[in-house]
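**Q** Here is what each chain is made of, one letter per residue.
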Amino acid sequence: SGNCLSIVIVNGTKNSTSLRVRLPVLVFALEVLVVVLYSVFVTYDDQTNALLQNNKTQPLENTVYQDYPFFADIQVMIFIGFGCLLAFFRRYGFGGMVFNFLTATFAIQWAILVQGFFHFYYDGQIHLGVINLINAEFACAVVLISFGAVLGKTSPVQLLVMALLEVPVFGVTEWIVVEHLKINDAGGSILIHLFACYFGLGVTFILYRPSLNEGHSKEGTTYQSDLLSVLGTLFLWVFWPSFNCALTLRGDDQHRAILHTFIGLSASTLTAFALSALLSKNGKLSMADVQNVTLAGGVTVGASVDMMISPAVAYVLGMLGCTACMLGYKYLSPFLARRLRLQDQCGIHNLHGLTGLISTIAGICAILLASEETYGPSLYQTFSYRLEAGLGRTAKEQALYQVVALGSTISISAVGGVLTGLVLKLPYLASPTDEFCFDDELFFNVPLDEDQASESQEPRCSETQITNHQYILQSKPADDVITS
Amino acid sequence: SGNCLSIVIVNGTKNSTSLRVRLPVLVFALEVLVVVLYSVFVTYDDQTNALLQNNKTQPLENTVYQDYPFFADIQVMIFIGFGCLLAFFRRYGFGGMVFNFLTATFAIQWAILVQGFFHFYYDGQIHLGVINLINAEFACAVVLISFGAVLGKTSPVQLLVMALLEVPVFGVTEWIVVEHLKINDAGGSILIHLFACYFGLGVTFILYRPSLNEGHSKEGTTYQSDLLSVLGTLFLWVFWPSFNCALTLRGDDQHRAILHTFIGLSASTLTAFALSALLSKNGKLSMADVQNVTLAGGVTVGASVDMMISPAVAYVLGMLGCTACMLGYKYLSPFLARRLRLQDQCGIHNLHGLTGLISTIAGICAILLASEETYGPSLYQTFSYRLEAGLGRTAKEQALYQVVALGSTISISAVGGVLTGLVLKLPYLASPTDEFCFDDELFFNVPLDEDQASESQEPRCSETQITNHQYILQSKPADDVITS
Amino acid sequence: SGNCLSIVIVNGTKNSTSLRVRLPVLVFALEVLVVVLYSVFVTYDDQTNALLQNNKTQPLENTVYQDYPFFADIQVMIFIGFGCLLAFFRRYGFGGMVFNFLTATFAIQWAILVQGFFHFYYDGQIHLGVINLINAEFACAVVLISFGAVLGKTSPVQLLVMALLEVPVFGVTEWIVVEHLKINDAGGSILIHLFACYFGLGVTFILYRPSLNEGHSKEGTTYQSDLLSVLGTLFLWVFWPSFNCALTLRGDDQHRAILHTFIGLSASTLTAFALSALLSKNGKLSMADVQNVTLAGGVTVGASVDMMISPAVAYVLGMLGCTACMLGYKYLSPFLARRLRLQDQCGIHNLHGLTGLISTIAGICAILLASEETYGPSLYQTFSYRLEAGLGRTAKEQALYQVVALGSTISISAVGGVLTGLVLKLPYLASPTDEFCFDDELFFNVPLDEDQASESQEPRCSETQITNHQYILQSKPADDVITS
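Residue numbers (the numbering used here), protein chains in the order written: chain A, 1 to 484; chain B, 1 to 484; chain C, 1 to 484.
Just so you know, these hints were derived from the structure itself, not from any lab. Be aware that one or more of the hints could be misleading.
You can't tell identical chains apart in this list, so a pair holds if it fits in one copy or across any two.
As the list claims (entries may be wrong) - Pairs of lysine-lysine residues, derived as DSBU-like cross-links and limited to a Cα-Cα distance of at most 30 Å, are as follows:
hint: 1; residue 1: K330; residue 2: K14
hint: 2; residue 1: K218; residue 2: K281
hint: 3; residue 1: K218; residue 2: K425
hint: 4; residue 1: K425; residue 2: K14
hint: 5; residue 1: K281; residue 2: K14
hint: 6; residue 1: K182; residue 2: K56
Here the structure is a predicted model, which means the values were calculated and not measured.
Here chain A stands alone, though its shape is the one from the complex (with noise of 0.2 Å):
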């Protein structure tokens, strides 16, 4: 692919496609930013300050011994188990491993200063240690799973702002959510899987191309991108119990988290396999289903994962997420895109939406189940809200809680979703057309293939393909001109 492109497609500065100027000015405008508050108002924290320590500290009870492990395993999934799940189109594999690689990094370093000033923030200084990190991989998360609505049809210089916008909204949410309505889920199911899908389907809403719902020649798969995909996905399925039991409390409640995420995923996948031989015409499985629903258990036991839920209904909340999930990519993805506008890239409404709506009424149950019989005295630390000395507040109450939380992360989501897509339709952000989306030809210098390159003589591709483009002419043109 690419063989034909070496023409002038531009309108003009304000549709190009080049990054040679806007990337570069967005990105030291953001370091500049980063940098200047890092400075102003980061510190260390009480565990990586040098001054603190005394006599008395025991060097290995620092807290990074508990948290490095498990911020090293989130890394994994992010920057490995992301990319390589991204990098499933035909010709958009630099794209889906680099652009999650950018938009990470990014996320990343904003959500320590957003979320450190609403969770770390005190004698006027944001106090860093690994433990913020671990957080902001939240945020990152979350950013990532939303870039799957868009994939392949937004520039990099679209995600960072993507990125600048969801994270704060992001912040608030958990702030709300978290810190005020304290509400019980260990693994995000609610705060991290549904805004991260809701804001993304309202990114998704407000970029609707129509000519994208007739089919595109570059979103398919290759049998190489189809063996990346599932390496991402096989890295995402390892250390998904890091990740839902991360931020849990110590001790037997962390041990539950991991326990149930593995048997949660362990349930959907072969769940996943079943129902992909059913539903395919020709009885054979498809390699989305594999990429793909595998995964949903690992959200389904999210709101939930610390709790007395017992192995057995782990096992059956993976299977009823991934039976979910799976139908919604057979017959909810295609009536989204066609009737509501929500070109859903990678079906994050059904592995992060479907799922976590089950995992959030899941986790309402277990907490109206939630006793001293099963429990002990340990109720009241899972349960912290149920303290009479503290908020004092009955299952029933919190239950209460967990929906208005459901609500509100659900609305905040979509509106702040439909802002930021209404911003990232701004000129100069190097939106693709809708030809050059899930082709890396755009944003990358393209090596060519050893076969293309010894068949370069024989271009590949009609004339009435080239009729596609708009032929204007420019005065930079080496700054926009796309050579194969």
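Position chains B and C relative to chain A; hints supplied.
**A** Showing chains B and C alone in chain A's frame:
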């Protein structure tokens, strides 16, 4: 490949390879079985049960912090290491990586139950924590090693049935060898590698396909598949110390296990490169050697991995194991395939059988040489059966137990494998025909590669190939037609 | 590629590139050397020796639990991170990934001995634990970085010889710099990165090949090789904090090292994307920049990574290092290659040299600014040479020591590299001819790709290419013939 398959190639439902009905039926049956047994029998252990924590419980002393890092490392080995390693065939990358995913997932679920009944059952319940998952991973590794013998020749339905049967046979063997014979085998050279090897050989003996001895057009590798497979090797290599030390005694025993595994692997890697060049006709390295033979040292140090064998001996064991493994690939495997009906697709008899035998012998030597002079009081921890207050065995007696364990493991596994092979030959299990061995087209919707897409008007295969197929029409064509 | 190589291309045994004799001879000689030295000199340390454990030993306080997680992370970096990163050439993926595997394995074995004599030798023995392996991994990283300068231009025989010579030179330098000059260099910016860089440049200076300055047909990348290489970058990126903190003081020092490394990498990643777009002619991103320049920040924070430099300064260091690295790739590397005979294949002078220099300067500044006000009593731990009861150095004196360390490291490594280069030019080391640089065909049995297989009747290369070869017949053809 697959451009010329637009034909009906079934001979009745009995031998159909469509997964549409049989895979979901089997998976849902297994899932119902698992979920019923989990809900009746599986509960939390004292590290995961909230009710059993009290004021004196130190959350950070929960065993999850000792076990989870090793669990996660072995997860990487099983899902990513094995997955990539098995993806080496030219057109069977999906099968290698994805059937590994499916089989491993079910094997662990199932092993939690089977091993639970043998090792974690009291008060009428199986008690569950991450330690059970580590044990289940070992059972899973056994299944995956055996899978290597029949890679590309079995349907996912057959693989699930194999896991269903192999895990209980392994469970019984483990119960005999660990609980009753009480052998030293920290790295599982006898229990895991030899069991898996002879079980797999038993299966492949029954599933013998004479036509494959003539070579198969799809049995080769590609540049990309070789790279992916080496990547799998590297993941196995890097995390193998975690595998060999996960169930040793904590402290210096575990420390030695890590050292010895690293040194053994290191020695076998160097040796593999030397022998690969030496034994090739043109003085070039073979990727198959790099993918497999480099790992031999990890198995060879297994049975004595926690003992005071000295670093130099670990090194020599790595060299010996590698040499046996390499000679096995070169001379023994072709002989076994042609004369003994043992078509061992990945050469597990070399990598796990021969090395396991050497490891067993080395383990016996190390047991015989162990003395208070070398170990001090620790002698009665690493070799607890020598405690007079306990079993009071002498080293020589123990050597006999090791030999008995070796014999019983090999016999049980070989018989179990043969019987399992007979079950796998039953109809309705979607066994692939000879010509569709090693071919993802059979069980996957394989994307057309770009080149194929643009050249689809020129069929690549000759008429003679087509005439090999069986032209039998069938009532439910949509279910059983293979289209390219 | 390789379809037209069915010809004899040797000019006598002396310059033959067959590995059949020379690789096994060298490897077995090295293995005998290693195993003899291990058996005479290497024993267990007090954490791995069973004899030294007693009733008071707390197994869970064994240092293996502090060291092994970092060891494993760095293993991933060395074998998987470097391995994938170096696989970027179009037809040298096997060489990049597999020679990295071979060289790293030997370098670690060898470094255990060399560093053992300098740092872990007492009572006439080298005492071994996982801590030695971490140290050996650093020596190994040095060799692999230097390898980057000569990637694709050296045989595995030459690479082993290089490791054999480089590790002792590094060991001496480490001994001078760490044990005698006692410098601050937690992340190894001086000792690891600068040493490796100038050693590698010394080697490549001697191995200069004028014809490669004209460009080489196989020097490019493919879509797949670029993706694999980025995957390697991501593994290095994710685990770099473990590399920079593995040998710092436990507690807050290690915590800061993790934070700073993450922030530095994060800043250099954003900057790399901006500069890649800014400096490209067509406003597109280059994968080579994503693969290399993003990592610059990890090196730049190295020398001061455990100090109280503040998060903002870590950010600025990442930006600075990245900028220097990028400008180096753009302007300095071509100059060095054409004018100074420094063909630096992977641009290690940019990623490890320039960044290492900046890091050294930053480290000196941080040393000069360190005060009790900022550090409290910890000052005399992080900067232990300032203890009056010890060396009693002032900050300014220490700055001088840092400069001396910088100078001696660069001089020793450059001279060592040049001498090593001279050794590598000796005959019988299977050095590739110019036209077979960057070509796996030379040292590997490369599988025919599917397309090639089906098109093998149409040769792809012209007669003019063939006439470049030397047609000299030889007595042992089977050993030295290269057939496609």
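**Q** Return the numbers of the hints above that this structure violates; sort them in rising order.
**A** Of the numbered hints, all hold.
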